[in-house]
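K.L.:
One letter stands for each residue in the lines below.
Protein chains: 2
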Amino acid sequence: MVRTIELNKRQEHILQIVKDNGPITGEHIAEKLNLTRATLRPDLAILTMSGYLDARPRVGYFYTGKSGNQLLSENLKKILVRDYQSIPVVVPENVSVYDAIVTMFLEDVGTLFVVDKASRLVGVLSRKDLLRASIGKQELTTLPVNIIMTRMPNITVCRRDDLLIDAAKELIEKQIDALPIIKDADDGYELVGRLTKTNITKAFVALAEE
Amino acid sequence: MVRTIELNKRQEHILQIVKDNGPITGEHIAEKLNLTRATLRPDLAILTMSGYLDARPRVGYFYTGKSGNQLLSENLKKILVRDYQSIPVVVPENVSVYDAIVTMFLEDVGTLFVVDKASRLVGVLSRKDLLRASIGKQELTTLPVNIIMTRMPNITVCRRDDLLIDAAKELIEKQIDALPIIKDADDGYELVGRLTKTNITKAFVALAEE
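Residue numbers (full-length UniProt numbering), protein chains in the order written: chain W, 1 to 210; chain G, 1 to 210.
Incorrect hints may appear among the rest.
Note that identical chains are pooled: a pair holds if it fits in a single copy or bridges any two copies.
[Stated by the list, open to error] Pairs of lysine to any residue residues, derived as SDA-like cross-links and limited to a Cα-Cα distance of at most 20 Å, are as follows:
1) K174 with A206
2) K174 with D108
3) K174 with V205
4) K174 with F105
5) K174 with R132
6) K128 with V157
7) K174 with L106
8) K77 with A208
9) K137 with L106
Derived by calculation from the structure, the hints in this document are not laboratory data. Only a predicted model underlies this, so the values are computations on that prediction, with no experimental measurement involved.
Just chain W, with the same shape it has in the complex (with noise of 0.2 Å):
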């Protein structure tokens, strides 16, 4: 069970002074504060649980270095991109883009992964790209997708255990919509799942609502 707490006045000082005097003993931090050391026994037992202190035998207090929200971010590196996923939805290289807008359309996805004929990822679609070449000059019936998709080695992946946070930040600094997840195989990656803004969306109302 994992909870959040606010420190109290007391609680920041004392953080300060073993910030300041570390490591010190608790009868030297009482002694700073003209308490006595019963006093500040459940102020210290919150600052060692919480992470913020380390207690050593003969040493004493010293400061953890940890910042305030180092927790809470450590909660959140315990999601996975497991944890989030969606289900794929692949095109063969060879499909027209008229085709593979359809597709977009039935299965209701913002991005679309082009898969060659030992089911191996080679290409990713985004509505974007879909929309670019819809108001091109060419006949999207004819048009295959692998003219126009993003294919290896540009095409960003992720894997079903790496972290959601990391995933995320990809999408961010990628600027974009999606990432397959993928399995590494003897030839090439094999498409297990699909990961998205939306899953991330999702994630994040779901650590509200836990």
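Mind docking chain G on chain W? Use the hints.
P.N.:
The following block gives chain G in isolation, referenced to the frame of chain W:
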């Protein structure tokens, strides 16, 4: 300053005792655990400070009924739409679908908002709307966007001071990519921002990095 802490077994045990027997005094909890009141003092302090338990003089400890991650979610509930909003990109309602698509590419956004002459929000255009139109039979350069846009009252809006988590829920429940952020005006909605799944994904990343 806010922290998450993980309860130890004794604290979980105390919590269960209070759930089952509360309100209950510290002395009675100590009896049930065959421990002294002094030994339990830090544990009770932690459980009280973290919001699991509350204590009333001459009554004892009682369970607050808050679930494990409630305070984490309380933190999430401090984040507002205004903290992560983007600038809206607008087109007039008589612009052609073709020009809207070009605007979408030039501005590199996934959603355009349509405004009337008084700059009031009248429609929303997603990439999906424009892609659907682009494979239709109509000439894109003469088809005005107000034929294909989502229009009031079917537009889901949010306001700057709404909770980000509520906006995120709307994006998921309504299966949309972006919400217009509006201010109420006498003659309709004044458009002041744009909130997308990209913004939510950025908030998620920021939580982990705080």
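K.L.:
Evaluate each hint against the coordinates.
P.N.:
To see whether the hints hold, each was checked on the structure:
In this assembly of identical chains, the alpha carbons of K174 and A206 lie at most 20 Å apart only when taken from different copies (16 Å versus 25 Å within one copy). Only between protomers do K174 and D108 lie at most 20 Å apart by alpha-carbon distance; the minimum there is 13 Å, versus 23 Å within a single protomer. With identical chains, the CA atoms of K174 and V205 are at most 20 Å apart between copies only, with a shortest distance of 14 Å across copies and 23 Å within one. Taking CA atoms no more than 20 Å apart as the test, K174 paired with F105 passes between copies only; the shortest distance there is 17 Å, against 25 Å inside one copy.
For the identical chains of this complex, K174 and R132 are intra-copy neighbours only, at 19 Å inside a copy versus 26 Å across copies, given an alpha-carbon limit of 20 Å. Only within a single protomer do K128 and V157 lie at most 20 Å apart by alpha-carbon distance; the minimum there is 19 Å, versus 24 Å between protomers. Taking the closest pair of Cα atoms, K174 and L106 come within 20 Å of each other only across two copies (18 Å); inside a single copy the shortest separation is 27 Å, beyond that limit. Proximity of K77 to A208 under the C-alpha cut-off of 20 Å is found in both arrangements, the shortest distances being 16 Å within a copy and 7 Å between copies.
Taking identical chains as interchangeable, the C-alpha atoms of K137 and L106 lie at most 20 Å apart only when they sit on different chains, with a minimum of 19 Å there against 25 Å within one chain.
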